[in-house]
Each structure stands twice: as C-alpha cells, then as structure tokens.
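Numbering of the sequence shown is given in the numbering used here, commencing with residue 1 and proceeding in unit increments.
Some hints here could point you the wrong way.
Derived pair list, reagent style EDC-like, types lysine to aspartate or glutamate, alpha-carbon separation capped at 16 Å [as the list claims (entries may be wrong)]:
(1) Lys27 with Asp40
(2) Lys50 with Asp32
(3) Lys60 with Glu13
(4) Lys50 with Asp79
(5) Lys153 with Glu171
(6) Lys50 with Asp18
(7) Lys61 with Asp128
(8) Lys27 with Glu13
(9) Lys153 with Glu168
(10) Lys61 with Glu17
(11) Lys80 with Asp132
(12) Lys50 with Asp132
(13) Lys27 with Asp128
(14) Lys61 with Asp18
(15) Lys60 with Asp128
Hints are computed from structural coordinates only; laboratory data are not their basis.
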Amino acid sequence: TIVGQPPPPKNAEMLAEDRYVTPGYFKALGIDLVRGRMLDPKLDSATSQKVVVVNEAFVKKFLPVGLDPVGQYINLDPDKVLIVGLVRSVRQDIYRPPVAEMDFPLAQTSLKDQNTYLSSMQLVVRTDADPDSIVPSLRTAIHDVDPSLPFRKPETMTEVISDVLIFERLENWLFGSFAVLAILLALVGLYGLISHEVELSTRDLGVKMALGATRMQVLLSVYRRVGAMLLGGILAGTIATFAVQKILKSVVEIHAGKDISIVAGLAVALVVAGLLAALLPAQRAASIDPMQALRYE
C-alpha cells in the first residue's frame, strides 16, 4: 500500500513483483527512465533511506491518476520505502502483459538476503559486438573475481526467447502441415467434383456443339458453371468460418479486422485452384465429338 492513500477495497489483490538488482540492470536491458532517477550505488547504500524504482504498471495499479509517484512511500512492513524513480514497463513473461514491478537495490539488503538472492540471479551483459566474441573476456573477468566459480556458456536473448517459443513453433509446424494437407484434399475434391459435373453435362455440351457452339463457348460455359459453384462454396465457407469462430477459438483465434486479408487470400487461392482443376475436364469436354456426346449415357 502507499503511505497517505486510502486503503484498498476489501479482497483486492494488491500485489507487485519485487526484484533485487544492481544499478546497471536498467541500462543493460534498455529500460528507459520516465521520472526521477535510477538506482545509484553512491546514494543507495546499506545505511541510507530504503529506496525503490517502480514501473508504469505499478503506478497505474496503486496510485491515483495525476499523482507523481516520485517521492511517495510504499508500506513494506516494517519499512517505508521511498520511490525515487519511474521506468517504462517491460514484460518479464512473454505470455503476459507487463505487471506492477518494484526494483530494489541489492546493496540495501542484508548480507544473508544477498546470498539467498544471488543463487537465483542472472548476469546480463549488453554488447555491440558479436555476443559469442566476448565469452572469453567474460570467463576471464569471472575467474578474476573468484577462480572457483563455474562458468557456463552464456545464452543470447535471442536464444532465450527461442527456447521459450519452442512449443509454439512446434504447434505452428503441426498446424501448417495439417493446413497444407487440408488444401491438398480440397484440391483433389474440387477436381473430382468438377470432373463429375462435366461428365454429367457431356450430353448437353454435345447438343450445344451439334447446334453450332464453338469450343471456346463450351469452355466458357463450363467455367461459368464452375465459377458459380466455387463462389457459392467460398461465400458459404467464409460465413460459416466467422459464424463458428467461438468454437474455433479453442484451436485458433480469428479476428475479422486483423485476419480478413488471410481469409481473403485463402479464398482467392481456392478459387484459382478450382479454376485450374477445371481446365483439363473443360478441355476434354470442348474436344468431344458431338455425335459421340449425343450417344453418351
């Protein structure tokens, strides 16, 4: 809670993440200062006033609109901690939006607590060079501090995020494979359906040719019929897709404004594929002998 502010509503969740950092944390991760100051080892010692830097999500959750967070005190029994800085909110979890966060200077904790926190802390290094090129220098620097410390090859932030997203990539690959299979089955079905429709129309096409219709006219008549079937199917499929999107939400979310271009692209692709699938049956129908077509059963 904030000193001087009304108590929170009953059963309200008044929680914020707490993190113990060294002063270089914000610069290394590119977290920008909005107001106040960053943590300073010269000002924030073990004997000075306990301080904290909060993020924008913290201010939005705990402070009234318009109140400057810098200079406010947080009740953390038994201490009152002074807010000295406000920084931009960043996500600590790739699956969640930024949460309220309090960043405390590690130097203001007891030696016992520091030893506890160090076991779960990460060393973050920012470099303009190739990250792999500075590994030997890091190994030497850590060895100079304590030769007994084990050294594991550092991970780049790209590798960290890639490891987190491995299941999403696998899921996308599986969905992509099934989508390709579905499109192939749709194309095979379109070809079979269109071939069947043309065969059923063989006698009618023969009559038209016997009465003087040209091959081009026969081709166009086949394509008009196929086009009408495709457009009707695409329209019905699109309407059905958005009608059952609540059911589909458990598998994939469809946003009308965001995904309309993808849905439209798939629809156009199916129309083109259907017209291409009709090419061979239409050519075969246009080249049939009228007398043979009239005898066709």
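To see whether the hints hold, each was checked on the structure:
Distance restraint check for Lys27 and Asp40: the Cα-Cα separation of roughly 12 Å lies within the 16 Å cut-off, and the hinted pair is therefore satisfied. About 22 Å separates the Cα atoms of Lys50 and Asp32, which puts this hinted pair outside 16 Å; it is violated. A hinted pair counts as satisfied when its Cα atoms are at most 16 Å apart, and Lys60 with Glu13 qualifies at roughly 14 Å. For the hint pairing Lys50 with Asp79, the CA-to-CA distance comes to about 8 Å; that is within 16 Å, so the pair holds.
At roughly 29 Å between alpha-carbon atoms, Lys153 and Glu171 are farther apart than 16 Å, so this suggested pair is violated. For the given pair, Lys50 sits about 14 Å from Asp18 by alpha-carbon distance, which is consistent with the 16 Å threshold. With a C-alpha separation of about 36 Å, the suggested pairing of Lys61 with Asp128 is violated against the 16 Å cut-off. Restraint check for Lys27 and Glu13: the C-alpha separation of about 31 Å exceeds 16 Å, so the hint is violated.
Of the pairs offered as hints, the one joining Lys153 and Glu168 is violated, with about 25 Å between alpha carbons and a cut-off of 16 Å exceeded. At most 16 Å may separate the alpha-carbon atoms for a hinted pair to count; Lys61 and Glu17 meet this at roughly 12 Å. Distance check on the hinted pair: Lys80 and Asp132 sit about 43 Å apart at the alpha-carbon level, beyond 16 Å; violated. A C-alpha spacing of about 38 Å is found between Lys50 and Asp132, which places the hinted pair above 16 Å, so the restraint is violated.
Pair hint Lys27 plus Asp128 holds up; C-alpha atoms about 13 Å apart against a cutoff of 16 Å. Among the hinted pairs, Lys61 with Asp18 is consistent with the structure: their alpha-carbon atoms are about 15 Å apart, no more than 16 Å. A C-alpha spacing of about 34 Å is found between Lys60 and Asp128, which places the hinted pair above 16 Å, so the restraint is violated.
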